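Please model the entire structure based on the sequences and the hints provided.
So the sequence lines, in the order shown, correspond to chains A and B.
According to this note's numbering, the stretch in the first sequence is residues 319 to 478, in order.
According to this note's numbering, the stretch in the second sequence is residues 210 to 401, in order.
Hints are computed from structural coordinates only; laboratory data are not their basis.
There may be inaccurate statements among the hints.
Derived DSSO-like pairs: lysine-lysine, alpha-carbon spacing no greater than 27 Å straight-line [what the hints assert, rightly or not]:
1) B:LYS243 / B:LYS370
2) A:LYS401 / A:LYS389
3) B:LYS370 / A:LYS453
4) B:LYS390 / B:LYS370
5) A:LYS453 / B:LYS299
6) B:LYS299 / A:LYS401
7) B:LYS299 / A:LYS389
Just so you have them, the derived chain A footprint on chain B, three or more residues with Cβ under 8 Å [to be verified]:
8) 249-255
9) 345-355
Here the structure is a predicted model, which is why all the values come from computation and not from measurement.
Glycine included, each C-beta is placed from N, C-alpha and C at the ideal position.
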Amino acid sequence: MFNRAGFNLVITEEGIRAINNTLGNLVLESGARAVLLLDKGGQLIAAQGETNALDTLSLAALITGSFSSTKAIAGLLGENEFKVMFQQGTNHSIFMAALSNTQNILATIFPNAITVGRIKYKCLQVLDTLEEQMKAMYSSTPESPFRKAAAAEPKINDLF
Amino acid sequence: MALINYASREINCKIVYYGTGLGGKTTNLEYIHKQLAPGIRGEMISLSTETERTLFFDFLPLDLGSVQGFKTKFSLYTVPGQVEYNASRKLILNGVDGIVFVADSQTDKWQENLDSLQNMVENLAEYGLTLDSVPYVLQYNKRDLPTINSFEELEGGLNPKGIPSFEAVAMEGSGVFATLKAVSKAVLNRLS
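See below:
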């Protein structure tokens with residue numbers, strides 16, 4: 319429903335502040351290195367933690383792809399999708415969880431000194447809050463900062 | 210689904226390069242990556258097989274500068290063209306804002322082009338989208354090869370609605386930026 323033609327997700331200052339607070343608290347309470355809130359289309363909505371050290375745009379695209387690709391496996395088991403996913407590395411791991419009613423994924427990157435159980439517990443605790451915060455933004459009136467179509471053209475022409 | 214962020218004053222849009230296998234979708238992104246300065250584009254990520262066929266997708270983020278005080282960022286994706294990877298193609302269309310359909314101009318690819326276009330229409334329908342609701346442009350690639358359909362033949366078969374179309378030789382870069390520019394403008398115009 320969120321990919322319908324002409325639909326845009328408008329992120330308001332108030333909305334993103336609330337989400338960043340939730341994500342920031344999750345980083346503090348869980349000990350995660352970084353948390354990312356993603357759209358299932360691959361867009362990065364918000365990130366907190368050591369984000370400067372990470373290529374968050376590429377992570378967003380790859381994590382979304384990884385998470386979404388398991389949907390076909392879930393289908394073979396009669397599931398709509400897998401709700402959580404865990405990828406373990408030597409030093410760092412990623413825990414991913416789908417928000418239930420919006421098209422978003424919460425991805426938490428954490429050092430292996432922290433148990434996945436702790437991360438999972440902390441992440442699942444904030445899913446409902448994030449769900450409500452995203453719903454509020456999805457239901458805001460789509461609007462565009464581009465007042466006139468022609469206004470965009472000269473800038474684009476300059477780029478190539 | 211464009212993401213308009215009033216807090217960071219950014220607009221993020223997703224453009225997908227669609228088309229037959231070995232048609233030149235990845236080559237388009239590679240040329241764009243090679244030509245643009247690192248400040249404008251991010252690193253290109255390719256999830257490909259050992260024989261460099263696209264397995265899942267290619268990804269290239271671009272920062273196209275400011276328009277009306279908003280930084281415009283485009284994420285370019287390709288889909289795997291091979292017929293058996295339809296589940297992946299469908300996933301990558303999630304959240305799409307604009308499409309470049311890369312057609313292979315070679316005569317023996319005629320039916321594959323038609324099938325791929327039809328496949329794209331069917332996959333868009335899964336998201337409630339149609340070619341009338343998503344900005345898209347056509348690129349007729351491999352115009353340098355000897356056995357190709359004429360521009361008029363390709364237009365007749367693939368472009369009944371007369372959307373913007375471009376002849377290209379993606380290996381050499383010909384037509385690559387004209388195509389990107391056209392789809393970028395179409396996407397931004399849709400936002401207005």
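Violated hints - listed by number, lowest first: As far as the earlier hints go, 1, 3, 9 are violated by this structure, in ascending order.
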